[in-house]
Structures are given as C-alpha cells and as structure tokens.
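Note that the protein sequences, when read in sequence, are chains A and B.
Here the first sequence is numbered in my numbering, starting from 1 and rising by one per residue.
Here the second sequence is numbered in my numbering, starting from 1 and rising by one per residue.
Since the hints were derived computationally from the structure, they do not count as laboratory data.
Computed from a predicted structure; not experimentally measured.
Treat the hints loosely; a few may be bogus.
[What the hints assert, rightly or not] Some chain B residues close to chain A (C-beta under 7 angstroms, calculated; not the full set):
hint: 1; residue: 117
hint: 2; residue: 269
hint: 3; residue: 284
hint: 4; residue: 312
Even for Gly, the Cβ is constructed at its ideal location relative to N, Cα and C.
Each chain is listed here by its residues.
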Amino acid sequence: MQNAYLPDLAEIASIRDETYDTRTFGLRFVDPARWEAFQYRPGQFVEVSVFGVGEAPFCLASPRDGTDTFEVTVRSAGSVTDALHGLKVGDQLGVRGPLGNGFPFDEVKGRDILFVGGGIGLPPLRPLIWDMLSNRGDFGKMTVLYGARTPGDLVYKDDLERWRGRDDVDFMVTVDVGDETWTGNVGVVGTLFPKAEISPETTAAFVCGPPIMIRFVVRDLLSMGFAEEDIYTTLERHMRCGVGKCNHCLIGDKYVCKDGPVFSYRQMKTMMDPG
Amino acid sequence: MSQPAAYVITRSRLAEWVGQLLKQAQVIAPRTVHGGDTAYDVVEDPSQVAWDYSSSINPLKRFLFPQTEELLRWRRPGSNGLQLEPTYDETDRIFLAVRPCDVSGVLFLDRVFSREPEDIYYMTRRQHSALVSLTCGEPGEDCFCVCADAGPFLESGYDLQLTKLSDDYLVEVGTEKGRSLIAPAEHLFAGAPDELIRARRDIEKDVDDRFEEHKAYFAAALRKVTFDRVPDELWDGMADRCLECGGCSFVCPTCTCFLVADWPEGENGHRERLWDSCLYSCYTLEASGHNPRAQRRDRVKARFFHKLSYQFAKELEAHGCVGCGRCITACLGSNDMPTVTARIRRGAI
Chain A
1 MQNAYLPDLA
11 EIASIRDETY
21 DTRTFGLRFV
31 DPARWEAFQY
41 RPGQFVEVSV
51 FGVGEAPFCL
61 ASPRDGTDTF
71 EVTVRSAGSV
81 TDALHGLKVG
91 DQLGVRGPLG
101 NGFPFDEVKG
111 RDILFVGGGI
121 GLPPLRPLIW
131 DMLSNRGDFG
141 KMTVLYGART
151 PGDLVYKDDL
161 ERWRGRDDVD
171 FMVTVDVGDE
181 TWTGNVGVVG
191 TLFPKAEISP
201 ETTAAFVCGP
211 PIMIRFVVRD
221 LLSMGFAEED
231 IYTTLERHMR
241 CGVGKCNHCL
251 IGDKYVCKDG
261 PVFSYRQMKT
271 MMDPG
Chain B
1 MSQPAAYVIT
11 RSRLAEWVGQ
21 LLKQAQVIAP
31 RTVHGGDTAY
41 DVVEDPSQVA
51 WDYSSSINPL
61 KRFLFPQTEE
71 LLRWRRPGSN
81 GLQLEPTYDE
91 TDRIFLAVRP
101 CDVSGVLFLD
111 RVFSREPEDI
121 YYMTRRQHSA
131 LVSLTCGEPG
141 EDCFCVCADA
151 GPFLESGYDL
161 QLTKLSDDYL
171 VEVGTEKGRS
181 LIAPAEHLFA
191 GAPDELIRAR
201 RDIEKDVDDR
211 FEEHKAYFAA
221 ALRKVTFDRV
231 PDELWDGMAD
241 RCLECGGCSF
251 VCPTCTCFLV
261 ADWPEGENGH
271 RERLWDSCLY
281 SCYTLEASGH
291 NPRAQRRDRV
301 KARFFHKLSY
311 QFAKELEAHG
321 CVGCGRCITA
331 CLGSNDMPTV
341 TARIRRGAI
C-alpha cells in the first residue's frame, strides 16, 4: 500500500523573482527515479512541505520538458508560502503529487483555443500553453489574454515576450492600472475581448484567476455565445490532504483536490456550494 | 467435521476468555470511567469489562483514527539533507463487547479510508484489529440505529457477534479472524444448539419492536437535502443554534474531517493530523482571506449535505449516521440528527 501522505524529498534548483511578492521555484527530486514516475499533465498540482511549518498546494507551473526539474510559482501570502520565500537554492522540501485531474488536452484537439489569465492565475495555464505550442498543429487558432492589477504584478515576463514574438499565437496583455512606463492596454482582462478575434462556436476557453475575475470573464464568454462545457477553469479551496480524505475542499459532493481542480463551467454551475 | 457457525459460552466463563484475549492483544472494551460513565477504553483485567452497559460515551473512532495521530517524523542528520520516516501503529487490538451501531461506525470508516487512495494509517490499525460485537437487548434512551440500518443486531461486518441470552452468550462467528479469537480458549465454548439460535431471533424481534418511538426521518431528509429543497431560513435557524463547539463532529462515529500540523523539535520534528470540524469558521478560510463558507448557515448545510445527501449515501453505501444518538447529548442547540431530520421533513424549526 502506498502512503498517500508521505512526501518525496526535493531540493530547490532555482529561484526566480516574478514580482515584489511572487517567486518561481525550480524543484528537483532528490531521488532521480522519482522524476521518471512523475508524469503529470497541466492543471494538476503538488502539495509542497516546508517541514516544521506545513504543507500547501501549488499548481504545476512548467511543462514537463527535457529537464529534470519542475516549477511552482508562489505568492507570499501565508505561513507556508512565507517560509518558502525564506528558503535558498539547495534547501530541501517535501513534494506530494501530481494530484488532481488536469486540463483536457486530447479532448480539445482541433479546436481553437482561448486562454484568459488574471494575475497569479497564469501559472496553471502556462504549462498548457507551452504543451499546446509544442503540438501547435493539433490546435486551431490560439489566443492568450493576460491581465494583472499593475505592470509590477505581471509574472513570467520572459514567456510573455516569447508569446508576443510568435506569429502562431495572438497574445495580448492588459493591466488594471498602468504606471509611467506602461504604454499597453489598460483595463480589466475582459476589455481585450473586443480586440481579439474569437469564434465562440469553435473555441475552447481556459480561464484562471481570482474568483471575481473568473465570474466576470465567464459572464462575458457566455454572452459571446460560448457553450458552458467549452469553458474550463480551476477552482481553489483550502486543502489539507490533497487526496480526498480531509474534506476541507469539498463543494457539495465534489472534491476540488480529486475531482478537480479543473472543472468546466457546466460542472461548476451544478455544484452546490455558495461562494 | 465442519466447525460450528455459532457457539455458546456461559457468563461465568467470560472472564477466563477475556484473560486469554488479553494475552493475545490489547483489549478495548466498555468500562466504567470517572463520573460513572461507560466508555470504550483499554482494559487490563477481565473484571473491568462492563458487560451490562447501555452505551459508551465515545465511539471506537479514536482507536482507529485518533484525535491526534503522528503521520511522520523528519530529521536533519547532517548540515543539509532531510530524512523522512512514516509512523505506523501496528498494535494488535481486540474491540470487545462493542455495540452494533459502533461496529457499523467502523464499517463506515472502512469505506471512507479504503477509497482510493487507501489511507495507510487507518488501514494499518484496522488490519491489526478484531471486532467483537455485543447485540442490544434494550434500546437506549437516545438510540435510533434501526432507522440507520446499523443495529441493534448485525447481519455481517463483525468478527464475532455476542448476544446475551438468559445465562449464556450466543457467539456467532463472522470471520476466520473471529474464529481465531475462540481457538485458544475453545474449551470454554460449546457448539450452539438450534434452540439458542431461535432464542436469539426472538430477542432481535422483541428489541426491534421496542424501537417504535425512536425515529430519524432519513428518507425525507435525503430527498430534500439532495435536491437542495431545504429553505435557507431553516439552515439559518439551525445556524443560530450552533455554538461551533465541534462536539457533534467529535462524538460522531462517521465524522472524519482532519487538519494537518507540523511540530518542530529543534532541527527535527513530526507531522500530525488532528480531528477538525466542518462547522468551524476557519475550516475553509484561505490564505488570501477569502472564505467560501464564511456564513455559519453554509457550514451547517454542508455538514448535513455530507451526512444525508444521496450523492454521499451512494458513494459510502450509507448515510453518515449510525443512530448512536451521541449528538443528542453533545449538541446544546439541539442540532442533533433526529431533530434535524424532523425539521427538514417539516420545513420548520
């Protein structure tokens, strides 16, 4: 019997500052054999332990590529995330996963793809965007729309530049509030919809961001004519175990950790929990 | 010759049998504790078993899923590098003279913790345990196991099932594990004659008949909770009565919510899980400050959805209630299962 609560040890291979409060950690399993078994799909997550402080869930933020590391992007917001920000390259922590269901991939082949990310909601979408770009011929028109509160809140600035430079993806970014150096779009991410060419009938949309943003974006997409089952998002809930036992992330009879965190809007609509 | 499916042991020989069991394993049985209550607890001597008790103040849960349970220890043996070691409890335990509702509670926990992925901590304890049930000849004051299909007799799920007859106990064998509890003391037992098995059936029918006044309206509650047809005002009314003490969750044989906490000890330390209650306000509080169930009403609703909805009953093969009645004693606001199902049926407090 496997121990679903026993983490594997990993060490911090790299640390990159994304914003004033957000960092991306590259992690490498201490046991190389563990990496072989660590096959994951975008949308899945890991529970990361800082021993002595606790454990918290983070989405897998990098595609599984030729390296032996994977990334999590962490905003300093609580005890575990604060402790993570205090660690340095070479420090060890615990990792359980991959957990959760992940985004559909084969199921949306042949469709046009729309990504809508808000702030720290870009990390779960990032590996999916790169995986689809690596299999570009399998998908139709690809559009990536990204919004953040201020230019200082934009994450993955290297990725943003690379997407901007490609001609096989329409990429647009906006901020709620600009600054003296900002010359781009200003406004919530929904203000980009009229500027993008989107065909609701042929498109699958992947939406991640804070709850308020998801609510407005979904409303906009529905009014544009998107089908409820063509809108995918990830839900966040306070979690303890990540494997459907502790019950903290239950919404009605659905475990966000096990049945999700990816749900279509059609599924979400039938879930009974308020909030 | 095939072995009998049922034995009989006279009351005067029970102590000698328990003495044998105490040599095999830790024995947990009803015993009189401080204040005169009866509780399942470790017994060291056969005389401590309270054979004639009505019910235990606590279910067996804490022996299989303890209120605080160590999951693992970490060590830092050198300057860098961690070592992790899981902590498993492989103590052999015999749960003796357990009421059928509490056996049903354990069977419910079995289904919760054996769902994929299996919970190795619970399953390890469980594999090292044996369940000896003691059927009920008399409904307790708060009992409604008949509504929950959890007693007062069991059809299966026990290793042994004892029934008190006039001077003897009938011993039904449910499993090979149960038979192994008899084997070392076989001279104390005799094969049960047919008339004793008939007598047991008569007792069961007689007890069933005396449960007439004990009711929980599960069918009505299931339908209304499943289809979200309970008025918000009713949940509000029950929320007003909830003190958020968590007592109902802790005494409940089927409640399994837990949280996880780390306890550093210098460079080393250990991780525990602890019972939690879905009624606590910070149960769903996120690091961002967002709380999807900030309203107590929504927490009360979530608790009874988990216990009563068709979705969970199907998944777990039962309601999250065995009719033990402990929430009746625990809840100062009368948000106990019989009262709540009655309110849901009626649509009013």
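Which numbered hints does this structure break? Every hint satisfied by this model.
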